[in-house]
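Chemist: Okay, here's what each chain looks like letter by letter:
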Amino acid sequence: MTIFLQATAEGLALGAVYSLVAIGFVLIYKSMDVLSFAQPALAVVGAAIISSLAVDRGVPFWLAFILGILLTGLLSLILERTFLRPMVGEPVFSVAILTIGIDILLRTVLDNWIGLNPRYLGDPFPNFGNFGSTNIGGVVLKYLEISAFFTAVIVIILLSIFFRKSKYGVAMRATSFDQEAALAQGIDVGKIFGLVWFIAGMLASLAGFFITGGFNTLTQFSFISALRALPAVVIGGLDSIPGAVVGSLIIGLTQGYVAYFQTNIETLVGFSLGSGFSLVAPYLIMFVILLRKPDGLFGTEEVERV
Amino acid sequence: MRGRPSLYTDYNKESAIFSNNTQKIWFTLLVLLSVGFVFVGSDYWILLLTTALLISIAAWGLNIVSGFAGQISLAHGVFVGIGTYTSAVLGGISTSYVIGYELDMIIWLPVSGLVAALIGLLIAPLSVRLKGLNLGLVTLALVFIGSHLFSNFKSVTGGAGLGRKAARLVLFGFDFENGLNIGSIVLEKNHLTYLLSLFICVLAGLGVKNLTRARAGRAYSAIRDKDIAAEAIGINLYRYKSSAFALSSFYAGIAGSLLFSVSGGVEPGTFNLLYSVTFIAIVIIGGGGTVLGPLFGALFFSLMPGGIQALLHQFDLVGSSLALSMGQIERIIFGLFIILFLIFEPRGLWGIWFRLRNYFKAWPFSY
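Protein sequence lines, in the order shown, are assigned to chains R and S.
Per numbering that gives the first Met the number 0: the first sequence ends with 305, consecutive numbering throughout.
Per numbering that gives the first Met the number 0: the second sequence ends with 366, consecutive numbering throughout.
To be clear, the hints were calculated from the coordinates, so they are not data collected in a lab.
Positions of the beta carbon are idealized from the N, C-alpha and C atoms, including for glycine.
Where hints are given, some of them may not hold.
Computed far set for chain S versus chain R, every beta-carbon distance over 12 Å [said to hold, decoys possible]:
{"#": "1", "residue": "N19"}
{"#": "2", "residue": "T21"}
{"#": "3", "residue": "I105"}
{"#": "4", "residue": "L186"}
{"#": "5", "residue": "K188"}
{"#": "6", "residue": "A213"}
{"#": "7", "residue": "L310"}
With a straight-line cut-off of 25 Å between C-alpha atoms, the simulated SDA-like cross-links for lysine to any residue are [to be verified]:
{"#": "8", "chain 1": "S", "residue 1": "K225", "chain 2": "R", "residue 2": "S93"}
{"#": "9", "chain 1": "S", "residue 1": "K225", "chain 2": "R", "residue 2": "E300"}
{"#": "10", "chain 1": "S", "residue 1": "K153", "chain 2": "R", "residue 2": "L283"}
{"#": "11", "chain 1": "S", "residue 1": "K208", "chain 2": "S", "residue 2": "R356"}
{"#": "12", "chain 1": "S", "residue 1": "K130", "chain 2": "R", "residue 2": "P90"}
{"#": "13", "chain 1": "R", "residue 1": "K292", "chain 2": "S", "residue 2": "S241"}
Bound conformation, chain R alone (with noise of 0.2 Å):
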């Protein structure tokens, strides 16, 4: 029993940080129809300034954190305005394309700063902080994965309470609905894709912190583990940011479970899954909803024409 909490505490933290990056994917792909492949490296730069600035400078943690953030989505909204705007309302597939070569230019300049050593973060609380974990009732609790979901609850709060509330989010929401009929209200679309791919960036680097944070390191293969959100995404359904939520805690608690249960699993089904399976677990899951339903659990049905 202690196993499984373990399992379903760890699987919740995973969870909340796939959360944040497939929020971002799915914005994006709201507002503009853009699946974005490089949200993983973005979740990479971020995690790559807040350790340099903050493990080779010497800079304090809590100022390096903030601007590690704002600088990659400062990054993303340069991107957006170089590479995505001459792109409005070609081909998704070709789009999507389009990403990867941003994501390949990102993470060949990524992995040269990192080399072939682990880079570590440093640590927000030293006497408290990220690298250490509690004890509660058998179950080991890293505080990075207790402020992993905390923060991700928090965040979802606020993003919500922004799209309800706030100008901007209201535009956002308009965008996503129809760009035309947003354009014809006044709404400056432009600047709301560029706000969209600002906040998909913060929102990736955040993520990238937690991912990389601790003892977990960043390391040059650290953006596979974001890239896990996007059958998170997926699996929501990609215009739905519940379906977001609720894909990456399905992911999250399956990889926990399958990390935790796999020679269980084993003796089940009689046959070795070979190491590493809960990390493709994911894709397998993934695989058999988008059978069953192909635009998601929460995503709307595509409606063609001919």
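The hints should help you fit chain S onto chain R, whose structure is shown.
Modeler: Relative to the frame of chain R, chain S by itself:
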């Protein structure tokens, strides 16, 4: 070009593989020149060209399913991997930890294509159920499942980080390692593999060209343009989407079986997401949905390292400490080209070639 080259008096002539003599002459010349390159090219460039030719076969495969039939596949690299491992098992040497049967190339070459095609057929029903982006995402899942399987079937692949030797190049009992002497001409292993790749590449290219003018090719285009409309005019979506996937995987399998026999060994980590994306990028840079595009793209992708090397030598930058390694420079240029071509010339290198050709066709008039 004399007479009225664009005047066709019957349908067969218009849809012929080579619509006029000029094209026939140029094609023969190009093939002869490519064969002749064996005698003048340095080992380095011959190796690059061999890879380019083989990669173009795989790229043609992706072009069939994505360019012609419009079904997005992010998992093309996985099919290349399936071809590689089929050939490695059938034609490789068995060791204490991997299996291998040391069969002849005449067996493993077609079989690796067929095995890949079979697995492609298994995947194909997905493309009937899913469309567009969602299909792309499912194939993305295939990439991860594929690389997981590759790194865990240790008796076939040697396991992650270790790898195994690829298939031996023995055709009709003749081992390529020994080289071939014809009179005073000595052909070494790399020359022979180059010629073999050239031969298969020409066959594959003609196959693609032939496909575009066949019933299946026309059905693919119809499906790409609008699958619902295609179904309405009586095209069996299931059948043609499946055949597109099978054919594409067949090409990938053939390419994969030879690709790593040339370099000798293969590690399962090779077939990661980037590898599959490479093929998409090659098709986009070359020009999707065209016959020549993937060839251009593959040549560009494979010869780029040589080009960069040459440039670095030119400017005496080889020894100096560049901030980025060669591989990284290549990847950056590659990434940039994906972006730039998508924004400025979606028809790729083929589009540039097309405009150049038309410019000189009408020269000195603007149109």
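Chemist: What are the numbers of the hints the structure violates, in ascending order?
Modeler: Failing hints: none at all.
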